[in-house]
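**Q** Residues per chain, in single letters:
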Amino acid sequence: MNLSLPTRLALVLATTVSLIHAADDSGVIRISERAQKTIPIALTGFSGESGQVLRFDLEVAGFDVVPVASAQYEVAGANNGNLQGTLTDTGNHHPLFARAYPGGTPRAQAHMLADDVVKAVTGQPGIARTRIAYKIDQGRTKEIYVSDYDGGNPFRATEDHSIAASPAWVPGKLKLFYTSYRSGNPDVYSHDLQTGTRTRVFGFNGLNSGAVVSPDGTHVAVILSKSGSPDLWVANVDGSGLRQLTHTLEPESSPCWSPDSRTLCFASTRDGRAALFTIPAAGGEMRKLPTGGILPATEPDWSPDGKWIAFSRAVGEFTIYVVPAAGGQAEPLTAGEDPSWAPNSRTIVFTRGRDGARRLSLLDVPTRRVKDVNRISGSSSQPSWAR
Amino acid sequence: MNRLTKLGLIALIAATAVVTGCTKKPGHITPIPAGGLSNSGAPGGGDLGNGGPIRNGGPNGAKFGGATNPAPIDLTNGKGLGTGDPSALPTGDPRAGKDEDRETFKSNTVYFYFDKATFNSSESSKIPAVIEFLKSHPDNNLLIEGHCDERGTEEYNRALGERRALALRELVVGAGISGERVTTISYGEDRPADPGHDEAAWSKNRRGEFILLTPSKGGSLK
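These protein sequence lines are chains C and Y, in that order. All the letters of the first sequence, read from the start, carry residue numbers 1 to 387 under the working numbering. All the letters of the second sequence, read from the start, carry residue numbers 1 to 222 under the working numbering.
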């Protein structure tokens, strides 16, 4: 099972070409179960919050919590103030590690243990100590919240009593870019969550939204309508050196960066129905990204390993698809919209449900397992995974 | 064809549709042709008289139908058709020193087709009154709000709502109102007029609203 993640994803996609996503009478999209198998693991000796957190983390990471008799691995634990855990391969009873986790909250200790289990079994770093940012709809007002990836430790980033939307993390920093209507217009702000300082980066007449900073931290892509239509622009991260990349009359939306910071992917209705396009960040021709006829396609997000682009298709119910970054046949993953990849290029946070009652969920792409993020308040959408 | 010329033509074609005010049947008019600048479209263009969709035609493509109702808009004397950039948003703030009047044009709200920045010809008749009012009140400005129903994704809808507001703005500016007086704002799907989840609600939500900006009585600048 110690295949590299790209190999795993390739396997999953290769074996799910025949995915069926027929709409039944209720309009619910069903996706076949031909996904990668979960890894059976037993948890013994855990209780309370740390037990719940550990179980959630491992299920999101592609494990199935089962009785010891049917488990491939066992995590034996104790919790005497400090969480302790021993991971054993039940096949050969070979202990893989035995560790104690002093300090921090019970949640934090359980997240650390979960990440160690994921690393020991899969060879890949875990995501249990990562954060997400998202929009919460509280009726007339919409604010930006930040929390742990599972919804723990929520923190309200904005208190504008207006509309705040489209949060995006600055790579590697406790800093967000987002849109806020606080001054009566959708303007783009950067917000340092450590110092609390906030700066308006784009405040032109018309639309300023969808800002996202390049992985190398030097540039920001944004949708502006100052020239008369919603086009894709790029600027230095402080907003200086603004350049217009697209010149279509029809709207562009939702830019995202390739991990090498050289290419942007975005949605455009240039050719009629919304489709995905790419364009060099330094300027050039916009090129349609083939998705095998899966349209309308919006909200692309490029996996940090550069291999995949996840996106939303809105036909009746929303569905999340994934396509190779060079284009190809897009494959359906699950019902939902607005995907954002975790730093592991394996897990996706997304929105599901109807306006006014939406919630965030986590998708483990290889196993197709979906787990809901703990809801804070109101209707949640537009998640962005810190990476 | 360069962008400015093309936008001017689009505004001309679109405004023509307003002038034509076809009522024969609930046909489609297309203020801003879909397909964007890269789509050269069929040469020859569309016949506006039959209520069918306007193809993205050349300057001689659009037939000018008889101007009956509502009152014709004089396009030839208008600023903006080839004499400036009718598309760029103002560099100044048309809202500065102004109050928002949401009542005057309340009945002029334009309802759009699903997933498009276009609307039925019956909606066109709501626009000339806005233009005439602005012509006779040069100290008033205009804010155009674009909205969407919930059936697109969020940022897609924020862009579509802006496109809708800009499509209406093209008509206003194309009719001779200075572009510096008219700005836009998109709320995407964030401010539905009807919170329902059916076509009856959606059809009320995909809309463009005209907000009159009057000289501030309080004297305070926004």
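Keep in mind the hints are simulated off the structure, nothing from the lab. One or more of the hints may lead you astray.
[Claimed, not checked] Sample of chain C residues at the chain Y side, in silico, Cβ under 8 Å:
#1 Asn185
#2 Asn205
#3 Gly210
#4 Ser225
#5 Pro230
#6 Glu250
#7 Pro259
#8 Ala267
#9 Ala274
#10 Thr298
#11 Gly353
#12 Gly356
[Stated by the list, open to error] Only some residues are given here: those of chain C computed to face chain Y with a beta carbon under 10 Å:
#13 Tyr101
#14 Asp137
#15 Gly206
#16 Lys226
C-beta atoms are modelled at their ideal positions from N, C-alpha and C, and glycine is treated no differently.
**Q** Taking the numbered hints from earlier one at a time, note which ones the structure violates and give those numbers from smallest to largest.
**A** Numbers 7, 11 and 13 - these are the hints that the structure violates, sorted from lowest upward.
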